[in-house]
Amino acid sequence: MATDKSNFQLVVNGILNENPIFRLVLSMCPAVGISTTVMNGFMLGIAVLFVQVFSSCTIALFQNKIHPRIRIPTYTLTIATWVTVIDLVLAAYLPEAYAKMGIFVKLIVAFAIITMRLEMFASKESVTASFWDGIGMGLGFMFGMMALGFVRELLGLGTILGYDVLGFKPLLFFVLPFAGFFCVGLMMAFFNYLESVYKRAKQRV
Amino acid sequence: MKIKMGTDLFFGQPVRCSATIAPAKNKSVPIFVLALFCLALLPGFARAEGMISQTGFSGEREISLSFSQPLAPEVAGNPASYVVYEEADPDIRLAVSEVALAADQRSAVLTFAAPLNTLQPHVVALPALTPAGAEVETFRVSKPYLGYLLSILISALLINNFVFTKYLGLCVFFGTSKRKDTAKGMGFTFTLVIVVSAIMSWFFYQFILKPFHLNFLQIVIFIGLVSLTVQAVDTVLRKVNPALFRAFGVYLVLVIANCIIIAVPLILADNEYNFFETFMLSLGAGGGFLLALYLMSSVRERMELANIPPAFKGIPIAFIVAGQFALAFLGFSGLNLF
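Protein sequence lines, in the order shown, are assigned to chains A and B.
For our numbering, count along the first sequence from 1 and bump the result up by 861.
For our numbering, count along the second sequence from 1 and bump the result up by 10.
I should point out that these hints are in silico values taken from the structure, not numbers from a laboratory.
Hints should not be assumed to be uniformly reliable.
Derived DSSO-like pairs (lysine-lysine); straight-line CA-CA distance at most 27 Å [stated by the list, open to error]: (1) A:866 to A:961; (2) A:985 to A:1060; (3) A:961 to A:1060; (4) B:323 to B:194; (5) A:1060 to A:866; (6) B:220 to A:961; (7) B:153 to B:249; (8) A:1063 to B:323; (9) B:194 to A:1060.
Keep in mind that this is a model prediction, so the values were computed, not measured.
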């Protein structure tokens, strides 16, 4: 059962149409918890991209060998293995960034988005398609996290990637931990509004 | 058989006791539970021996001491003659700002400059009263153990609620909080699975991972145990109580996509919790999730009737509401019941 989409379409699909954060509303824990800066979002995005791509490829490779009744535990253990790998790598080579992300790197193992993509896509499609789908989903997650981090860092601290761009702090509220909920809600509503405006414009033409 | 009895008791259905269980074994269970409770209580009543006969926290920045014999007021009334530190950090001495000695010189209340972390056991010593050359006697100050356990439970339930103050388990939280029935089903299933899997994780961590230095396998082992628990509960429930399985079976798959289920074993491994602390933390985490789900579903059921801007309908407004709950839960910080 091959997908009828090209590799490029698969990547774009992950970033726009099925964006894990704003469209599928999966993996919200890090989106609320540690999206305070662009850098945090980027680092966790890299980790998720790695885990998603490698798990997708592994499952796609062994899809015919996995018994359907034990498929969920198999997916979980596959993800856990790759999470262990990235967890140890980050702890060894980027200890500062790792300390900032805290427990969330280990929690990638329970992110719904990865299991869902394995169940919906990688267990049915070829290795190449799964690879590109994994890239798309990972990038979609990364861009979602970075967009959230961009808004929160700019509005809360007046900086981007640590560089002072505004010279003042507009709304300190946005870097407070619980503001993640408000920020995600407001941005989702904003994207919904954009979409409705776009659709209306299309109808008129 | 034990599981069957347990589930039936829990949901208020008549208990069908099978003849295979000997009556004597049945009787011994409550006695065993009682003995466990007494054991848990014991450390609270244990008295320190020697110069100081009784210790305890009497306030956020106070420690009260009782002496076995009257002490000289110039020594016992002098803040400089006391050495106090947390048991975990013997190098960090806590400054005693004031000592109130009772009239009969048999008890004193130490007041500290900064609030104490009363969850940690503290150590008090009186080096000035020790004869030269002898080892300084130390006295342990700790809360009653049961109170400490309850404070872990309350902390996981309210103060550090996993959903509203640690931002974990949100996917499942937003997915299953549309109806009160779903919220209750998910909450109970989750609590059951997390208590069982956290206790198993504790055993694996203490007796396999730690002795053999396999700490890097934490994630794989813990998530594996969760899958195992989910599969086991699924199989047992399907055979033992099909009605219950029809009600709660669908939520079992979702349990594994919940970050809290893996966060709790990681936290208890980091903090080196013992068995009772593990039980309380997992119960608090499950109960806290149930509480959060129930609160949220109550609001979302009412919101369906409200007039919400179209762009905010559904998930966006749920996020805003969750943010307000998180703000409200900030009010629990600093809560100190026990």
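Comparing the hints with the structure gives:
Of the supplied pair hints, the one linking residue 866 of chain A and residue 961 of chain A is violated, its CA atoms being roughly 38 Å apart against a limit of 27 Å. Between residue 985 of chain A and residue 1060 of chain A, the direct Cα distance comes to roughly 33 Å. Violation of the 27 Å bound is thereby established for this hinted pair. A threshold of 27 Å between alpha carbons decides the hint, and for residue 961 of chain A with residue 1060 of chain A the separation of about 40 Å lies outside it, so the pair is violated. Between residue 323 of chain B and residue 194 of chain B the alpha-carbon distance is near 23 Å, which keeps this suggested pair within the 27 Å criterion.
With a CA separation close to 24 Å, the supplied pair residue 1060 of chain A and residue 866 of chain A stays within the 27 Å bound. Under the criterion of a C-alpha separation no larger than 27 Å, the hint pairing residue 220 of chain B with residue 961 of chain A is consistent with the structure, at around 26 Å. Taken as a hint, the residue 153 of chain B and residue 249 of chain B pair is broken in the structure, with Cα atoms around 45 Å apart against an allowance of 27 Å. A threshold of 27 Å between alpha carbons decides the hint, and for residue 1063 of chain A with residue 323 of chain B the separation of about 22 Å falls inside it, so the pair holds.
This hinted pair does not check out: residue 194 of chain B and residue 1060 of chain A have alpha carbons roughly 39 Å apart, beyond 27 Å.
Hints 1, 2, 3, 7, 9, counting from the list given before, are not met by this structure.
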